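Asks: Residue numbers (full-length UniProt numbering), protein chains in the order written: chain A, 1 to 191; chain B, 1 to 191; chain C, 1 to 191; chain D, 1 to 191; chain E, 1 to 191; chain F, 1 to 191.
Any given hint might turn out to be false.
With a Cα cut of at most 16 Å, we get these calculated EDC-like pairs of lysine to aspartate or glutamate [said to hold, decoys possible]:
| hint | chain 1 | residue 1 | chain 2 | residue 2 |
| --- | --- | --- | --- | --- |
| 1 | F | LYS124 | E | GLU16 |
| 2 | D | LYS51 | D | ASP19 |
| 3 | C | LYS89 | B | ASP163 |
| 4 | E | LYS13 | F | GLU123 |
| 5 | B | LYS89 | C | GLU159 |
| 6 | D | LYS51 | C | ASP63 |
| 7 | A | LYS60 | B | GLU48 |
| 8 | E | LYS89 | D | ASP167 |
| 9 | A | LYS3 | B | GLU123 |
| 10 | D | LYS3 | D | GLU123 |
| 11 | B | LYS3 | A | ASP7 |
The following residues of chain F were derived to be distant from chain A, with all beta-carbon distances above 12 Å [stated by the list, open to error]:
| hint | residue |
| --- | --- |
| 12 | ALA22 |
| 13 | GLY75 |
| 14 | GLN76 |
| 15 | ARG102 |
| 16 | ASP167 |
Here's a subset of chain C near chain D, in silico, CB distances under 8 Å, partners left out [to be verified]:
| hint | residue |
| --- | --- |
| 17 | MET1 |
| 18 | LEU14 |
| 19 | ALA62 |
In case anyone wonders, no lab produced these hints; they're calculated from the structure. Just so you know, these numbers come straight off a predicted model, no measurement behind them. Even for Gly, the Cβ is constructed at its ideal location relative to N, Cα and C.
If you want the building blocks of each chain, they are given just below.
Number of protein chains: 6
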Amino acid sequence: MFKHYIDEELSLKLVEPEDAEAIYQVMDESRSHLRSWLAWVDGTESIEHTKEFVQMVMNKFADGTGVSTCILYQGQVAGLVGIHAVDRKNSKTSIGYWLGERFIGKGIMTRATKAMVDYAIYEKGLNRVEIRAASENLKSRSIPERLGFIQEGNIRQAEWLYDQYVDHVVYGVTAGEWKTNGQNRGCPLEW
Amino acid sequence: MFKHYIDEELSLKLVEPEDAEAIYQVMDESRSHLRSWLAWVDGTESIEHTKEFVQMVMNKFADGTGVSTCILYQGQVAGLVGIHAVDRKNSKTSIGYWLGERFIGKGIMTRATKAMVDYAIYEKGLNRVEIRAASENLKSRSIPERLGFIQEGNIRQAEWLYDQYVDHVVYGVTAGEWKTNGQNRGCPLEW
Amino acid sequence: MFKHYIDEELSLKLVEPEDAEAIYQVMDESRSHLRSWLAWVDGTESIEHTKEFVQMVMNKFADGTGVSTCILYQGQVAGLVGIHAVDRKNSKTSIGYWLGERFIGKGIMTRATKAMVDYAIYEKGLNRVEIRAASENLKSRSIPERLGFIQEGNIRQAEWLYDQYVDHVVYGVTAGEWKTNGQNRGCPLEW
Amino acid sequence: MFKHYIDEELSLKLVEPEDAEAIYQVMDESRSHLRSWLAWVDGTESIEHTKEFVQMVMNKFADGTGVSTCILYQGQVAGLVGIHAVDRKNSKTSIGYWLGERFIGKGIMTRATKAMVDYAIYEKGLNRVEIRAASENLKSRSIPERLGFIQEGNIRQAEWLYDQYVDHVVYGVTAGEWKTNGQNRGCPLEW
Amino acid sequence: MFKHYIDEELSLKLVEPEDAEAIYQVMDESRSHLRSWLAWVDGTESIEHTKEFVQMVMNKFADGTGVSTCILYQGQVAGLVGIHAVDRKNSKTSIGYWLGERFIGKGIMTRATKAMVDYAIYEKGLNRVEIRAASENLKSRSIPERLGFIQEGNIRQAEWLYDQYVDHVVYGVTAGEWKTNGQNRGCPLEW
Amino acid sequence: MFKHYIDEELSLKLVEPEDAEAIYQVMDESRSHLRSWLAWVDGTESIEHTKEFVQMVMNKFADGTGVSTCILYQGQVAGLVGIHAVDRKNSKTSIGYWLGERFIGKGIMTRATKAMVDYAIYEKGLNRVEIRAASENLKSRSIPERLGFIQEGNIRQAEWLYDQYVDHVVYGVTAGEWKTNGQNRGCPLEW
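Next up, chain A with everything else stripped away, as it sits in the complex:
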């Protein structure tokens, strides 16, 4: 029921239990695509795992440490985007996202992520937003780059991905930078 309208084809819907099936479906049809960069794909063997995930993100919403949303493209669940590890003491958070394979190339993720940064900075009042991506995941890295995030580091062997360690590139933007530059940025929105 609860949505944030982005534009005529995109909105973000707060994850509720009713969404588990649609989330599972779009993940399930894109497994080989998603598992390249997401460590949890193989462990999500059935909709029961997605229901546990939904419960977990609803708990995080309740305790104030995260907000996860379904990306609705023309009314359909296309993927997820959310803020995680909200740290009130240091006024910062990080954003995570994934998109079903057939929704790629429409600029969905850039617009959805921009909306989440707006939410984190304007509504939640946070000072810093971080995005981490595996260093070889160029598609994922293109999102913060298009949105004007600064590349701040290359964290080596930061994550175990099935059979190897991968490095993480860290991008950050501060509230000051976002408010100055964020509005009139012309972002080419291919993903």
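Chain A is fixed; fit chains B, C, D, E and F onto it per the hints.
Replies: Just chains B, C, D, E and F now, with coordinates in the frame of chain A:
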């Protein structure tokens, strides 16, 4: 961020921690009006109590037993409406609401409550929605009556209200009835 | 060990873990009889479920929200009666009960329920006692009727019973009424 | 409500929240008497502490580790007796008790303790019951001695009592011994 | 990593998760030896049970109620010794221990237990240390006897050991006694 | 009791409740020095806060997410070093530390941190160790630099320090690198 659009002047916004101040303000300016029928008004002595309330309703959202929303009228918090005591086993819930004094007489509550019944029945898939009101609270009783709920009982001395017991009138609507009648009902919307 | 003496053939015994077997036996021998009106019968597949139930009612006793007792008829467990959902804020509770099939017709349930109402009003100091029964369960409805409860409502589709919704009739009595009428009422005690 | 009848002047009543006031009163009027041997007396400064104690013993009842009862003498709370630290694995428990000063000398405690040993052995099915008393507390030691317990040890400096360590004498009885001797014991019942 | 050095061949290592395998191995190779006196041996069917045990003792370390250590003999886990049931109110604790069969006869346990008593009295500041052993377990009883503990009692049928009850002998030492005698005691260290 | 010996003047002692006073003292005498870079100094107003901190790190030890140690220099508590946020899934952790002002300039922190890296990699088997320091805190940054960590990033406005945001420099070392280079590194040990 997360809203349900009702019409050009009304929407429902899922309660988040950022809303505590606005909720407290509208309650605080309507104390004498609200305490006639709401047992918690005198106990809400400062915004800290409202913050505890917000935490409580976010916990209920997370565990699936309730959903509380701010009624936004022309962008301002005008009151609250929510579903409570969601009972999946018996597929039913009850709706509660209150409105700041200066927002009365605009048909706000009938439209907001209609939207919550739609949410309970169409999105949550529940079979029965109940509304209880103190039997002498005619304003509150008019909401389920306008929305076509059936009066099912008069529960005597059901609630202790500061210094006396008040009776409750119980109204109910089933999913079958709502789906048949709900769409084309012409509701005069004064409250 | 802990009992409330009603008369020479009846007493109420606070449920303890040692009672699980006797409770399960009387329920098990009356399954087809009890499942007409009790939603939990089919789910109670073994004594393990009854042990979980006993633990649950002991937790309610500890947190002050309920008291469940075995009805002992000539020293044997004949059924259960208890107060549930004790609501101190509004000073009310509701009573639930069931009886093994072979104990029906001896006036057991009326006497046992009268004792629980006495306990709720005189010992716990509550102001209102409620009894709900499925509207077609005439045997169950006869208990509050014999004890002078007032019929207060007919809650439609209040409960999902295996394969259909059933309506609930709500009966209530207040402490004032009970103290006035309760003592010298001549109740014909067939159930 | 829930009592165990011992004889025409004595019964044991399971501790419920309603008993806190009477328990506090009898303790409060006997402070100087009780503090000689009970470490918690000085810490029980108001009825709030007794309410916490009642909650604690109700929690123990619910989790199966203890059962505490008010000793009712001619209908009045005279003291407490209970089983503690119920150890199902090794099938044993220990008994603790105290009596208001003006109830001493009537044989109350011996009869009440005998009833608790019966409860532990016959109803709970435990194999061993232990009673510990400070070695100089001759009144308390006389209870297990009259009831035929065996003195098993002298545990030195077992308890810190306000300003000094006191030794404990340990007494024990097994289910076998109790069943053999327990019935026809002629106990002089002065305390 | 964290060890207490006793002498050139013995040290005590605080139990950490990494130790589960070595603990399980030494227990597993000594099953028939250990089960004579330890009730948990048969229940420890796989390393998973030992991991649960390690988690349990780490929780006790965190909440201040116990400290368990691996006895390292020439760098190998030879058994366990720890303080349990730490009772700050009465300033006392008890010590438990076991040794793999092939490590017997080297005086290991006497030295390890002496170190734990030192830790309890000098570092934790406790006033009393207790050791309990089954009365027929002469090897275990020899430890407190060599260390100058006083035999304080014989608790009959204190423990259920697979198929029978066994009696416990209780030994105790006070901080005063230990500080006077503990230093220059010449203990023959065969076990 | 439980220590890791580094050299004749340095050891690491697992934090226990008995250490709270010494930790508080060394922190308290170095407040103005420590608060330049540690956000918790002003909030640690009394030893009660240090006791809560000790309880928190003992809980982390128990749940496997961190290990905190007192740095003992010539037997005195000189500061703390520990591993935090142990992430088994990705096999990594981070190290944090602080030193009392009068212990600076003796090479204490480099040796203590080296020991913690050894512990994390050799005993805990972790693959990556991270150290973060405020970018202007050159003393703190010198530790990972001396120990051969690689500088991986500069996280802007990563922490709120009383009245301003500070940037963090991230350093990392992998198990492979540490095992190759760690042994024969000649570290000048001034801090």
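Asks: All hints, please: hold or fail.
Replies: Hints, verified against the model:
Only pairs whose Cα atoms come within 16 Å are accepted, and F/LYS124 paired with E/GLU16 is accepted, the gap being roughly 10 Å. With a CA separation close to 9 Å, the supplied pair D/LYS51 and D/ASP19 stays within the 16 Å bound. With a CA separation close to 12 Å, the supplied pair C/LYS89 and B/ASP163 stays within the 16 Å bound. For the hint linking E/LYS13 to F/GLU123, the alpha-carbon distance of about 13 Å falls within 16 Å, and the restraint holds.
With a C-alpha separation of about 8 Å, the suggested pairing of B/LYS89 with C/GLU159 holds against the 16 Å cut-off. The suggested pairing of D/LYS51 with C/ASP63 holds, with an alpha-carbon distance near 12 Å, which does not exceed 16 Å. Restraint check for A/LYS60 and B/GLU48: the C-alpha separation of about 21 Å exceeds 16 Å, so the hint is violated. Taking the CA atoms of E/LYS89 and D/ASP167, the gap is about 15 Å. The hint holds against a cut of 16 Å.
Distance restraint check for A/LYS3 and B/GLU123: the Cα-Cα separation of roughly 13 Å lies within the 16 Å cut-off, and the hinted pair is therefore satisfied. Restraint check for D/LYS3 and D/GLU123: satisfied, since their Cα atoms lie roughly 15 Å apart, inside the 16 Å limit. Between B/LYS3 and A/ASP7 the CA atoms are separated by roughly 15 Å; this keeps the pair inside 16 Å, and the hint holds. For F/ALA22, the requirement that its beta carbon stay farther than 12 Å from each beta carbon of chain A is met, with the minimum near 27 Å.
No Cβ of chain A comes within 12 Å of the Cβ of F/GLY75; the nearest lies about 35 Å off, and the non-interface call holds. Non-interface call for F/GLN76 relative to chain A: holds, since the shortest CB-CB distance, roughly 31 Å, exceeds 12 Å. Every C-beta of chain A lies more than 12 Å from that of F/ARG102, the closest at about 30 Å, which supports listing it as non-interface. Interface exclusion of F/ASP167 from chain A breaks down, the closest Cβ pair being 9 Å apart, not more than 12 Å.
Of the supplied interface hints, the one on C/MET1 holds, with its beta-carbon coming within about 5 Å of a beta-carbon of chain D, less than 8 Å. The closest approach between the C-beta of C/LEU14 and any C-beta of chain D is roughly 4 Å, which is under the 8 Å cut-off, so the hint is satisfied. Checking C/ALA62 against chain D: minimum C-beta separation of about 4 Å stays under 8 Å; hint holds.
The structure fails hints 7, 16 (numbered hints given earlier, in ascending order).
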